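Engineer: Take a look at the letters that make up each chain.
6 protein chains.
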Amino acid sequence: MSQSMGARLETGITGLDSMLDGGFNEGRVVLVLGEPGCGKTILCSEFLHYGATNKNEKGIFIGMNEPQSRFMQEMAGLGMDFSKLEKDGTFSYVDATEVRRIPEQAKVGRIPVGGRELGLVNLMDMIQEAIEKHSPKRVVVDSISDLVFRYPKMEERRPVVLDLVETLQGTKATCLMTSELLSTGEGRLLQPEEYLAEGVIILRTIQKGARAIQILKMRGSKVDTHARPYIINENGIQVYATEEIY
Amino acid sequence: MSQSMGARLETGITGLDSMLDGGFNEGRVVLVLGEPGCGKTILCSEFLHYGATNKNEKGIFIGMNEPQSRFMQEMAGLGMDFSKLEKDGTFSYVDATEVRRIPEQAKVGRIPVGGRELGLVNLMDMIQEAIEKHSPKRVVVDSISDLVFRYPKMEERRPVVLDLVETLQGTKATCLMTSELLSTGEGRLLQPEEYLAEGVIILRTIQKGARAIQILKMRGSKVDTHARPYIINENGIQVYATEEIY
Amino acid sequence: MSQSMGARLETGITGLDSMLDGGFNEGRVVLVLGEPGCGKTILCSEFLHYGATNKNEKGIFIGMNEPQSRFMQEMAGLGMDFSKLEKDGTFSYVDATEVRRIPEQAKVGRIPVGGRELGLVNLMDMIQEAIEKHSPKRVVVDSISDLVFRYPKMEERRPVVLDLVETLQGTKATCLMTSELLSTGEGRLLQPEEYLAEGVIILRTIQKGARAIQILKMRGSKVDTHARPYIINENGIQVYATEEIY
Amino acid sequence: MSQSMGARLETGITGLDSMLDGGFNEGRVVLVLGEPGCGKTILCSEFLHYGATNKNEKGIFIGMNEPQSRFMQEMAGLGMDFSKLEKDGTFSYVDATEVRRIPEQAKVGRIPVGGRELGLVNLMDMIQEAIEKHSPKRVVVDSISDLVFRYPKMEERRPVVLDLVETLQGTKATCLMTSELLSTGEGRLLQPEEYLAEGVIILRTIQKGARAIQILKMRGSKVDTHARPYIINENGIQVYATEEIY
Amino acid sequence: MSQSMGARLETGITGLDSMLDGGFNEGRVVLVLGEPGCGKTILCSEFLHYGATNKNEKGIFIGMNEPQSRFMQEMAGLGMDFSKLEKDGTFSYVDATEVRRIPEQAKVGRIPVGGRELGLVNLMDMIQEAIEKHSPKRVVVDSISDLVFRYPKMEERRPVVLDLVETLQGTKATCLMTSELLSTGEGRLLQPEEYLAEGVIILRTIQKGARAIQILKMRGSKVDTHARPYIINENGIQVYATEEIY
Amino acid sequence: MSQSMGARLETGITGLDSMLDGGFNEGRVVLVLGEPGCGKTILCSEFLHYGATNKNEKGIFIGMNEPQSRFMQEMAGLGMDFSKLEKDGTFSYVDATEVRRIPEQAKVGRIPVGGRELGLVNLMDMIQEAIEKHSPKRVVVDSISDLVFRYPKMEERRPVVLDLVETLQGTKATCLMTSELLSTGEGRLLQPEEYLAEGVIILRTIQKGARAIQILKMRGSKVDTHARPYIINENGIQVYATEEIY
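Protein chains in written order, with numbering that gives the first Met the number 0: chain R, 0 to 245; chain S, 0 to 245; chain C, 0 to 245; chain W, 0 to 245; chain D, 0 to 245; chain H, 0 to 245.
The following block holds chain R by itself, in its conformation from the complex:
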């Protein structure tokens, strides 16, 4: 079966690769959804770092949450030297932090354009430019929350997310995009992003503070859908793929 599914891209996080039956399917767009501080950015960075270091696969990180310097420093603290990879040409950071500041009302030429549409168009352009320039095999967009939360009505939000997913699909790269959970605890509203992405991984805090990773969805893959415990330490994310959530 694996063959017909196309090549797998390992994340380098052993337990997660095991849950994923080897890694992400090539060319898929996967949503990484999580609570604050649960390691969404770290998971995505490990995916890029592993590809660049072990597979010589080019990766780009489209960062909407922080400037490159902060990102670099953060990841260095977790043992990932992205400066070196950047020099080697296997990593690029695209600073997209301005997207989330685009004013509500802007103009394209003389035509007034709602700021949020502009934000979306800008992000799409950034993604496509970066892809053309770098031809990456692995892409991360961290995060889409500022963009999608501008569309509180579901009927408006669905086509926006759809546009984004299809832009990412068009790159042929394997793409992770992160997003924020809206609530904690048992039972939650499902977001349209979860249906429109081809895969969904969720990172949550469970009772008393332990953490759990779960693959909700992974089109074209036979994955382990059970929640598994994980920790974050100086080596990054460690998933205990054979342990139960107690």
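Incorrect hints may appear among the rest.
Any copy, or any two copies together, can satisfy a pair, since identical chains are not distinguished.
No more than 25 angstroms apart at the CA atoms, straight line, and that leaves these computed lysine to any residue pairs for SDA-like [claimed, not checked]: (1) Lys207 - Thr224; (2) Lys221 - Gly62; (3) Lys132 - Met71; (4) Lys221 - Glu65; (5) Lys152 - Arg187.
Everything labelled a hint here was simulated from the structure, so no lab data went into it. On a predicted model such as this, the values are computed, not experimentally measured, just so you know.
Dock chains S, C, W, D and H against chain R, hints included.
Structural biologist: Leaving out everything else, chains S, C, W, D and H in the frame of chain R:
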């Protein structure tokens, strides 16, 4: 009793056919409701594939979520060769992805028409054209979410769903339509689709990540209404029809 | 006491009659509330069928959900031959499906009338005409959901439901009207229909898929208010009136 | 203490009188809140019937939910002969059902008045007229729901309820007013009526269908605030004041 | 530590004083939040009564819920003779019931003023006048609900509550203000009052009807934050400060 | 790893420093989120006090909730003498209480400016002025609730919080900002502040009144994410970093 109910259409998923007391009743319109990644599309595809392969029954798949190529590739990975069936004339894919992009405001001739009404009309036309052309015995509409979520007010949404259900009933084929659950966990709001369809099957993730399938409703059938565990593997969906949800 | 309460109308569902202390009180208007597929229509049909077959009591079914042919076929599959009863003159089907299609804005003569008011007026007229024509002892309205859900504001919905209940009370027949539950699970919002009807029976799915029937309210009767398990099989609804819900 | 509290008015429901430490305090306005079919009207009627029969205390029932004939018949079935009491001059029924039908917009002379204000004014007038005419010692208003639900905003609803409570206080009679619960299950929104009334009794269905009565509040009384089981049978409400809710 | 905290004002409710580590800190503004009938007014009255009787400390009660006569009578029933204290000059009742009736739109001179602002201004004036006149050491405002519920938007409500709290702080007296809980059960929305007051005590009904008192917050004090059972009897509130809530 | 993370700033609360793996990372902006009375202000004050007393690190407290005198007195009661530190030049209090009073509509010169934007601008200016003047190593903003709650729409609130976080990041100091939880109990809505801050600590009351501290998030640190019990006594906050929440 089974006789008076009309012929049964097996899904080919052994455990589910057992829960359904043999299969779907001919000519019924059934809603397949599920969380992201729970296999709504796979279930429907197996229904078509089994009919075409084992019963020589024509099937059509009206796809609003993905273009034909993605669908074909996905299902090939699960052992279903729809290309062959297409050549054999027992399968057709109707690409309806454009329906969910129809702008909010459009024009029919010189008359402005709300985009959402247009979307609905287009889908109805597509369904009817496809039926006339192919005279299928099995029909899948995957999914109706983009359409119905444009009508957040229940009093507007009910007639839309009703139109869709009656259009499908008019085809005389046995029809599955998929839709997205709005929330996870215990207790949920019921959707008008669940009342207007003649049958409802629900696919959910339960505690810790196991999956459960349940027949909420099946007009004209004596079915097993208990939730049963299932998994998705390289052979598709496996339902454990005699096991309890723990 | 039973005597002062007036005559009882048995439903023919043994367990339910036992819970009802013999049957419904003559002339009452009872709401049958339920989740999708829980047998609201079957329960009401058994009530009519039993009266016509065993008591020679005329019954009418005012159907807003499906045309007569579908209804007849459905019930035939459960062993109820309403065609025969129709020929015998003890059963009539009033097709009220058009009521739920009445456009939001309509005209009565030259006076524009809100479509929802028109829907209500039409249904009232249909009920009264049918009563005058058939003088039934048992009446079913299946269902009132399309009508009442047009009035999302409670202050508007109460008088509408009140009008309907009083119209039914005016017929002197014993009347069942069905309606849809809005949510599943523990705890729910109460609907004004539940307060305005003289009796309320609720049909729900409980944990893992078993079903429970409960009499919430039955004015003028001493009933069993505990939830009891039931199943639907080829003989219709079987209520286990002496069993506990586990 | 009891002395300083003023005289007690027994309800005649033994277990409830025990929970109330002898009965209601004279001159208090008490809210009887309950789910559909839980016996709000029966409780209030027993209160009037007991006073008239055993204490020769005049009572009036201001009925907004049903015409006098239905009320009389209902209560006769529970062994309360209000016709006799009416002839004896110890009971009067005030038909206030028209209040809930007052149109949203009405006119007082040539001045347009919001229908809901009119409804309130009418009810106040009815209450005061009835009091002047009958000088009752016991008063029931069944129910205030149609009135208060016209004011969905809390800031509008509070003064309306306040007016009503003070009108009732002004009568010097002991007054019960019934109202409808908005939801079932654990945890609920509190209504302003519960704060503005001087006492609150709640009637609910608990798990599996047993019923519980609880005194939430009783100004000037030392009451049992624990929920206690009760049933309704041919003798009316039976409260098991020494039993626990299991 | 106690010394640096300033003097303590005992409530006279032994168990509560124990939970409070001796009483309220002098000059603090404390919110007493509770369900209907849980004894908010009684708790506050005991605080005033104890101060006047045992410490010769002047107290004022600013009553928005009931006229003086009702208050006096209620408390007399619980063994508190406020008439005597009033004559002795250690107690004053300020009738502020009119504040909650101030019309939505009013005029100050020729300037139209929103009724709710007027209500707030009036209450402030009443408080300040009463303070200047009586120089009390203990102040109760019962309750602030009618005032704050006029401001359903949190951004409007915060400054209103802030004004009130600061007015009370300006009096240098120790002040209790009561308010109503919006819901029962586990988990609730927090109100801005709880953050803006310097202390918060909550009175609730727990499962089956037992009552619990809990100190959520008490700036400048080392208090027992555990919920403790209490009852209300003819001696007022009895707190079991060493018992657990079962 | 610790080295690459930059220097640690101990809080002086032993158990918390242990949970934080030594203290806060230098230059981080951390959100301290808590229920009323759970010690948000105390935690932040201990952080400043410890730095000034033990490390000779300058600290400023930007207080929006109370004037300096109240703050000083409160903390003195917990053994922290900020007056002395102020004289020593290692502590400054910035009174920002006026920010929360800025009217909804104000003018900058002749240009009308929404009051809430003005409030934000003023706070930013205050922070930057204070930083320039004092060059602190530790900064506390207590609290941001009045500011952020003026923006109930998430799409408006995100950029406001972002501006604030980036202003604080620009100071190079380690910054704590406090905010109020909106609800109690299991499961809650996540606030955008929690995603935009670099660290999040939460202080809650758990069942029956015990308190728990939990580190939800701490970018660049390997922390203990389990909830741990704590108490507040005359020595301030005591965290039991090795105990479980029962």
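Engineer: Confirm or reject each hint.
Structural biologist: Going down the list of hints, with the structure as the test:
For the identical chains of this complex, Lys207 and Thr224 are neighbours both inside a copy (22 angstroms) and across copies (8 angstroms), given an alpha-carbon limit of 25 angstroms. In this assembly of identical chains, Lys221 and Gly62 lie within 25 angstroms of each other by CA distance solely across copies; the values are 22 angstroms between and 30 angstroms within a copy. In this homomeric assembly, Lys132 and Met71 come within 25 angstroms of each other (Cα to Cα) only inside a single copy, at 21 angstroms, whereas the closest approach across copies is 31 angstroms. Taking the closest pair of Cα atoms, Lys221 and Glu65 come within 25 angstroms of each other only across two copies (20 angstroms); inside a single copy the shortest separation is 34 angstroms, beyond that limit.
In the homo-oligomer, the alpha carbons of Lys152 and Arg187 lie at most 25 angstroms apart both inside one protomer (17 angstroms) and across protomers (20 angstroms), since each shortest distance falls under that limit.
Of the numbered hints stated above, none is contradicted by the structure.
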